[in-house]
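**Student:** Chain by chain, the residues:
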Amino acid sequence: MEDQLYREQILEHYKRPHNFGRVEQPDLEFEDTNPFCGDEQHVTIRLDDKGRVAEVAFEGQGCAISTAATSLLTDELVGKTREELLAIPKEQVLDLLGIEISATRMKCAMLGLKVVKSAGLGQPAEWEDEGEQGDPAAEQARDGI
Amino acid sequence: MTVSTSAFPIEKVRAAFPALEREVHGRPVAYLDSGASAQRVLASIQAVDRYERAHHSNVHRGSHTLSAEATAAFEGARATVADHLGAADRREAIFVRNATEAINLVARAWGDANVGAGDRIVLTEMEHHSNIVPWQQLAERVGAEIDWVPVDEEGALDMAAYAKLLERGPKLVAVAHVSNVLGTENPVAEIARLAHDAGALVLADGAQAAPKLPLDVAGLGVDFYALTGHKLYAPTGIGVLWAKLDLLRAMPPFMGGGSMIRKVTKQGTTYADPPARFEAGTPAIAQAVGIASALRWLDGIGMEAVRDHERQIAGHALERLAEVPGLRVFGPPRGPERLGPVSFELAGVHAHDVSEILDRHGVAVRAGHHCAQPLMERLGVAATARASFGVYTTPEEIDRLIEGLHDARRVFGF
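Sequence lines, in order, name chains A and B.
So the first sequence is numbered by our numbering: it starts at 1 and just counts up by one.
So the second sequence is numbered by our numbering: it starts at 1001 and just counts up by one.
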């Protein structure tokens, strides 16, 4: 039976990521880390004369989820303007992955998108924390009132 | 009294931890993340509960009965901590939030008064960020320099290089008693003796060591010792800085506020004696009761027995991990100075993914840089998986870790 999280497609992108490496003389570039685990990704982008993505590459160290997510995402970027890069919704990355991402792994899944957007901005993109909220003991406590 | 390993009362110990009844993904949790935060011992949970229900008020404030009871509980907790640490005087135990705050207290109060431009501070490559960043901040404030003792291929400190660094006449040596990544027990007594010969003071970070080793701060010969409650089966929000009384008496305060004063006028303030001088504001009273209760419980088992159990579990883990293909362990080989944690990487499977798959087996480990990025750089890895142990860890839980690692290899197609 195929693993629900580590599907064949995810493992394939992890083991042989697309667009892995570095673009020569990039117009846009950014590097960021996942502070919880130290994973890092460096994204380089070359724009054509119309300001659209001509070439994109990423490198770094990461888990299967972060590597596959950025591999899949970078496949979608050629032809996009900077504004279009900045408008990519998180849901698109989740759709590309096609697997259920837990709250604890959301930071892994979103690292690449965050770095791409930061590259587009030329500064760290504002980012909302994806953490899960809620006290697991709260329901029991309410019962006890 | 020496308790042999075979006599370790593991059933009794496990029964004292309610959280071990938890199931994770349909299996009893194998909690191998005590190095990040240990589970709470029932004695401590109950002591906090009793205090909160019936004895709480502010400390050192009122003359009414509840305030007297709270004060007695808080100061009694200090006496228990001081006894456990082998302190000569209970006033040498300062209650803080955690080991990080203990180290920041020393860096601010002692450091700002005693370290100046061009002075040197010695750290090691295996320090936790909590024993790096406060010193970097101090160095930045006063213009001091930091030297690093290298870690050798086996995960031990390079003592020859250390001796060389001491020739530069540092003001302070700050070292982990036990590494939170490599499980190395550092020769702190020898480190302290050499430092003192060179005119330096010594701070030992005991966050990992305190839950595992019999402690005798006087015998160790250090000047400052930092520890935290939540790795000691006690609540979060409570830690201890131990320091020699004469040092504390000579140190200016850390934070200002209530409790730490002798007299406040509009013209200025004079400060209380230690320990109050370093405990501004209402302290974590219930949590102090909690750490004292956990220490009494540990002393009931005996820290020699706790240490022997830790060695046995670390040894079993090292032996079993060697069976897993493509697995590389960081840190010293099996031996008396080899405790937990045991950190490792599995070829072709990132530490995060290892941890995710182990969780499916109900096995909790930490993945990441373990707040020791300079050490990660030294080891040449971005992240490792780490199994860390507690008094309740069993060889069977280690066997479940191994089973999970084989599964991780299978999932990743090895």
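Any given hint could be a false lead.
[What the hints assert, rightly or not] Heads up, incomplete: computed chain A residues facing chain B, CB under 8 Å, no partners named:
no.	residue
1	Tyr6
2	Phe36
3	Asp39
4	Leu121
5	Glu126
6	Trp127
[Unchecked claim] Calculated cross-link-like contacts (lysine to aspartate or glutamate; reagent style DMTMM-like; alpha-carbon spacing at most 25 Å):
no.	chain 1	residue 1	chain 2	residue 2
7	B	Lys1171	B	Glu1154
8	A	Lys15	B	Glu1403
9	A	Lys15	B	Asp1359
10	A	Lys15	B	Glu1377
11	A	Lys15	B	Asp1407
12	A	Lys15	A	Asp48
13	B	Lys1263	B	Asp1112
14	A	Lys80	A	Asp135
15	B	Lys1012	B	Asp1049
16	A	Lys50	A	Glu100
17	A	Lys15	A	Glu84
18	B	Lys1266	B	Asp1246
Derived from the structure by calculation, the hints contain no laboratory data.
These numbers were taken from a predicted model, which means no experiment stands behind them.
Yeah, the Cβ is synthetic: ideal placement off N, Cα and C, and Gly gets one too.
**Student:** Each hint should be assessed against the structure and marked as holding or not.
**Tutor:** Right, here's what the structure says about each hint:
1. Tyr6: 5 Å, holds
2. Phe36: 6 Å, holds
3. Asp39: This hint holds: aspartate 39 of chain A lies near chain B, its Cβ roughly 6 Å from the closest one there, short of 8 Å.
4. Leu121: 25 Å, violated
5. Glu126: Hint on glutamate 126 of chain A: violated, closest Cβ of chain B at ~24 Å, above 8 Å.
6. Trp127: 19 Å, violated
7. B:Lys1171 <-> B:Glu1154: 28 Å, violated
8. A:Lys15 <-> B:Glu1403: 23 Å, holds
9. A:Lys15 <-> B:Asp1359: 22 Å, holds
10. A:Lys15 <-> B:Glu1377: 23 Å, holds
11. A:Lys15 <-> B:Asp1407: 18 Å, holds
12. A:Lys15 <-> A:Asp48: 30 Å, violated
13. B:Lys1263 <-> B:Asp1112: Given pair lysine 1263 of chain B, aspartate 1112 of chain B holds - Cα atoms ~23 Å apart, limit 25 Å.
14. A:Lys80 <-> A:Asp135: 41 Å, violated
15. B:Lys1012 <-> B:Asp1049: Judged against 25 Å, a Cα distance of about 22 Å means the pair holds.
16. A:Lys50 <-> A:Glu100: Distance ~37 Å between lysine 50 of chain A and glutamate 100 of chain A Cα, so the pair is violated.
17. A:Lys15 <-> A:Glu84: 29 Å, violated
18. B:Lys1266 <-> B:Asp1246: Given that 25 Å is the threshold and the Cα spacing comes to 30 Å, the pair is violated.
In summary, the numbered hints that this structure violates are 4, 5, 6, 7, 12, 14, 16, 17 and 18.
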